[in-house]
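Colleague: In the order they appear, the protein sequences are chains A and B.
Okay, so the first sequence: first residue is 1 according to my numbering, each after it adds one.
Okay, so the second sequence: first residue is 1 according to my numbering, each after it adds one.
No lab work stands behind these hints: they were computed from the structure.
Please read these numbers as outputs of a predicted model, since none were measured by experiment.
Relax, there's no trap hidden among the hints.
Computed footprint of chain A on chain B; a stretch qualifies when at least three of its residues, placed anywhere within it, have a C-beta under 8 Å from a C-beta of chain A: (1) 244 to 257; (2) 289 to 297; (3) 347 to 356; (4) 384 to 392; (5) 433 to 439.
Idealized CB from N, CA, C, for every residue including glycine.
Spelled out, the chains give:
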Amino acid sequence: MLSSIETRKRVEAGLARRHRRERLFKFSGMLATTVGVVFLGVFFLDLFAKGSSAFVQTHLRLDVEFSADVIAPGGELDIAYADFDGLVRSALRAEFPEVTGRGDRRELYRIVSSSAGYQMQDMIRQDAELLGARQAIWFPAASTVDMYIKGNIDATLDESLRPMSDQQIAWVESLRERGHLETHFNRALFSNGDSRDPELAGIKGALMGSFYMLIVTVVLAFPIGVAAAIYLEEFAPRSRWSDLIEVNINNLAAVPSIVFGLLGLAVFINWMGIPRSAPLVGGLVLSLLTLPVIIIASRAAIKAVPPSIREAALGLGASQMQVVFHHVLPLALPGMLTGTIIGMSRALGESAPLLMIGMVAFIVDVPGGFSDPATALPVQIYLWADSPERAFAERTSAAIIVLLGFLLLMNLAAVIIRKRMEKKW
Amino acid sequence: MQGTTLILVIGAMAIAAYYMGRSRSVALVGGPTQGTALHSLPGYYGYFTAIWCLLPALAVLLLWVLLEPRVIVALVVQGLPEAQRNLPPGELNLLVNNIQNLAAGDAVSGTVDASLQDAANRFNEYKVLSRKILTVLTLGLGGLGAAIAWRRIRPDFRARNRVEQIVLVALIAASSIAIFTTIGIVLSVLFEAIRFFQKVPATEFLFGLNWSPQTAIRADQVGSSGSFGAVPLFTGTLLITAIAMLVAVPVGLMTAIYLAEYSSRRVRGIAKPLLEVLAGIPTVVYGFFAALTVAPWVRRAGESMGLEVASESALAAGLVMGIMIIPLVSSLSDDAINAVPSAMRDGALGLGSTRSETMTRVILPAALPGIVGGILLAVSRAIGETMIVVMAAGLAANLTANPFEAVTTVTVQIVTLLVGDQEFDSAKTLAAFALGLVLFVVTLLLNVIGLNVVRKYREQYD
Chain A
1 MLSSIETRKR VEAGLARRHR RERLFKFSGM LATTVGVVFL GVFFLDLFAK GSSAFVQTHL
61 RLDVEFSADV IAPGGELDIA YADFDGLVRS ALRAEFPEVT GRGDRRELYR IVSSSAGYQM
121 QDMIRQDAEL LGARQAIWFP AASTVDMYIK GNIDATLDES LRPMSDQQIA WVESLRERGH
181 LETHFNRALF SNGDSRDPEL AGIKGALMGS FYMLIVTVVL AFPIGVAAAI YLEEFAPRSR
241 WSDLIEVNIN NLAAVPSIVF GLLGLAVFIN WMGIPRSAPL VGGLVLSLLT LPVIIIASRA
301 AIKAVPPSIR EAALGLGASQ MQVVFHHVLP LALPGMLTGT IIGMSRALGE SAPLLMIGMV
361 AFIVDVPGGF SDPATALPVQ IYLWADSPER AFAERTSAAI IVLLGFLLLM NLAAVIIRKR
421 MEKKW
Chain B
1 MQGTTLILVI GAMAIAAYYM GRSRSVALVG GPTQGTALHS LPGYYGYFTA IWCLLPALAV
61 LLLWVLLEPR VIVALVVQGL PEAQRNLPPG ELNLLVNNIQ NLAAGDAVSG TVDASLQDAA
121 NRFNEYKVLS RKILTVLTLG LGGLGAAIAW RRIRPDFRAR NRVEQIVLVA LIAASSIAIF
181 TTIGIVLSVL FEAIRFFQKV PATEFLFGLN WSPQTAIRAD QVGSSGSFGA VPLFTGTLLI
241 TAIAMLVAVP VGLMTAIYLA EYSSRRVRGI AKPLLEVLAG IPTVVYGFFA ALTVAPWVRR
301 AGESMGLEVA SESALAAGLV MGIMIIPLVS SLSDDAINAV PSAMRDGALG LGSTRSETMT
361 RVILPAALPG IVGGILLAVS RAIGETMIVV MAAGLAANLT ANPFEAVTTV TVQIVTLLVG
421 DQEFDSAKTL AAFALGLVLF VVTLLLNVIG LNVVRKYREQ YD
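Whenever a hint applies, use it, and build me the whole structure from the sequences.
Modeller: Here it is as structure tokens:
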């Protein structure tokens with residue numbers, strides 16, 4: 001037996017070491033927590049630093065003439081085949097009369113976006129009065145010029161190492177001095193479909209594709225998920241079958257999403273013959289993917305309804321079905337809606353299964369229905385991230401900001417519904 | 001009639017049927033004041049009639065939509081000249097595609113001859129005819145069903161019980177979809193995988209060391225006969241998963257411990273939602289970040305230390321994947337730590353142990369099964385993760401354990417094999433399904449074990 005004094009001595013001898021360990025342990029816990037938070041900070045800073053510039057686009061002002069000789073040769077409007085590009089080019093030549101050589105001129109033409117001609121075409125199509133008029137129009141600049149203005153091209157580098165020549169930089173600078181070069185809000189980003197030219201590429205097509213897919217998903221997954229949850233919570237007898245369903249749902253929630261893509265490819269496309277790349281297929285796959293999420297959330301919401309309500313209704317002579325549909329379901333609905341919105345936000349961010357069912361095609365047109373070829377916002381991000389142009393990296397970040405904005409809105413909606421409508425018993 | 005209009009008309013009929021059934025039940029007993037003479041509330045007679053109107057019509061509609069394209073194509077093929085009908089399946093498919101394009105007024109490959117134009121015309125005729133039959137059939141069936149139900153309404157007819165039975169069947173059907181999904185996954189992956197194993201022996205696939213799925217297009221082509229040894233993919237997946245776990249497990253676990261034991265309420269209130277944000281970021285965004293920001297960092301850092309780092313190193317993908325998994329590990333560990341009875345913690349603290357000693361000697365050993373179960377789930381998540389590795393890891397199937405080299409994973413190969421044009425009889429495409437089968441089986445095992453461990457452990461202290 002040790003005397004109490006000796007015990008005390010031994011304890012005190014080890015105390016400093018033990019406290020040191022304690023501090024170390026606490027410190028490593030703090031460090032670990034900071035890692036996640038710091039990553040989040042770095043991630044958002046990086047994202048906004050890269051992406052915020054994509055919301056503006058450099059435009060340059062040119063005095064173009066809607067020359068009647070070109071657009072309406074012989075008095076008849078010939079919008080489809082007229083050489084609008086030529087009109088843009090002559091405006092550029094007028095701006096820089098000192099440029100004469102063929103090669104130099106060709107370089108000059110490259111500072112304005114290739115869409116300039118189409119823009120004139122659209123204008124005259126909407127307003128035939130313009131014929132013969134001379135007008136100053138802001139055209140989007142070519143993406144290299146845009147990158148230069150945004151400071152992403154280093155003019156001090158050797159000419160061969162950058163995508164713009166010294167001449168082009170000089171022209172751009174002279175335009176800027178004259179006030180013919182400004183950055184405007186990048187409307188193309190929100191009103192165009194995909195494009196090979198960064199200055200024309202937009203996310204509207206992808207947004208619409210995602211929208212149609214989410215419609216299909218919500219229409220299928222919400223009623224089916226709620227019905228399944230009601231059955232499992234309120235009606236299912238404790239049997240092998242309901243155990244099997246339960247195990248299945250839990251497992252499906254953890255199956256890699258790419259496997260759902262394989263299912264969609266084999267069943268919906270090859271077996272049922274639904275066209276590839278259609279939002280319908282995407283929506284079907286995503287609803288299978290979100291179904292477990294909705295079922296699990298809905299079951300939790302039903303479980304939260306106190307049994308006294310069921311018993312009261314049963315006592316007043318309601319049938320089991322009436323109890324569920326008249327009393328339990330309305331009370332559980334806010335929780336179910338919250339779960340559904342969370343499931344939808346997961347579906348909106350999902351891209352791996354969509355790669356399997358052909359939604360990665362390069363699609364310029366904005367989809368107008370459930371069977372038009374389409375892509376989705378996260379897939380658009382994937383496609384742009386692969387493009388080598390510097391301008392696409394900027395637009396990818398912008399698309400990510402938009403995607404995260406939508407996810408934030410959906411999650412806020414879920415939180416508000418939960419706060420406003422959920423009752424505490 | 002167009003599909004959507006047809007559905008709208010059927011819906012309108014069902015609503016009309018509801019009111020007819022309802023008013024008949026009321027009329028049979030002589031007005032609303034006599035409601036107690038009915039077996040069920042009047043609305044149930046209405047629902048009964050509406051269901052009988054809706055179900056047969058929708059069933060026929062669904063069947064028709066599923067079968068119509070095949071039947072029409074078969075009929076058109078029947079009408080083709082003998083020579084074209086006996087074409088090999090591939091060419092016949094092309095021909096049918098051409099006919100369909102021509103019928104829809106789209107661009108057609110090759111020349112349009114009289115027989116093709118004729119077939120396209122017949123295709124359109126059949127389509128119009130089929131629409132007509134469908135309209136008559138669905139509306140007729142809907143009306144007929146409603147009429148039969150309407151005639152069956154009597155005061156003692158048990159309408160509520162009938163309606164509730166049908167609803168119950170619908171509920172059961174909805175909950176069985178989960179099972180059908182699993183069966184669908186298993187069957188679709190399994191069938192194609194079996195076809196793959198008929199071309200490539202399973203032993204070569206599972207134990208072969210060489211992966212280059214490019215098969216020859218022409219028979220006389222040199223070199224690219226394709227080899228399907230998947231071991232480099234498995235090791236690549238394991239390497240990236242291991243890196244991710246090396247990041248996620250310590251960080252996630254220590255975060256959970258810190259937030260549960262040390263942090264003030266305010267810090268917890270800020271840090272927890274922030275970590276949840278980490279869990280809500282789409283994986284494609286992580287992939288973009290890994291490929292464009294982290295990979296160059298890793299490369300530069302490695303080069304400054306004199307190391308050779310591939311631009312698509314396993315390290316970059318693994319690091320970002322680890323960050324992605326932190327919230328999963330930390331929330332599952334948090335559950336496990338909180339499930340340990342507070343009597344155990346209080347006892348240890350009361351005996352004079354420090355907080356860290358309580359944690360490492362008492363709580364963690366007690367929570368270990370729950371934590372291990374959570375880690376298994378996290379591993380399964382890492383193995384199945386696709387977008388990060390597709391964007392940040394390479395395509396080169398290197399058999400290496402060096403984290404600075406580029407490796408490829410099972411999911412990356414599935415994506416590369418299936419994106420773009422596919423022919424469903426080549427080993428290249430089918431290999432993706434074989435890989436999918438392996439992926440599904442492995443993650444399923446991990447999930448089943450992980451979920452069971454977590455559940456058993458929770459029950460232990462309840």
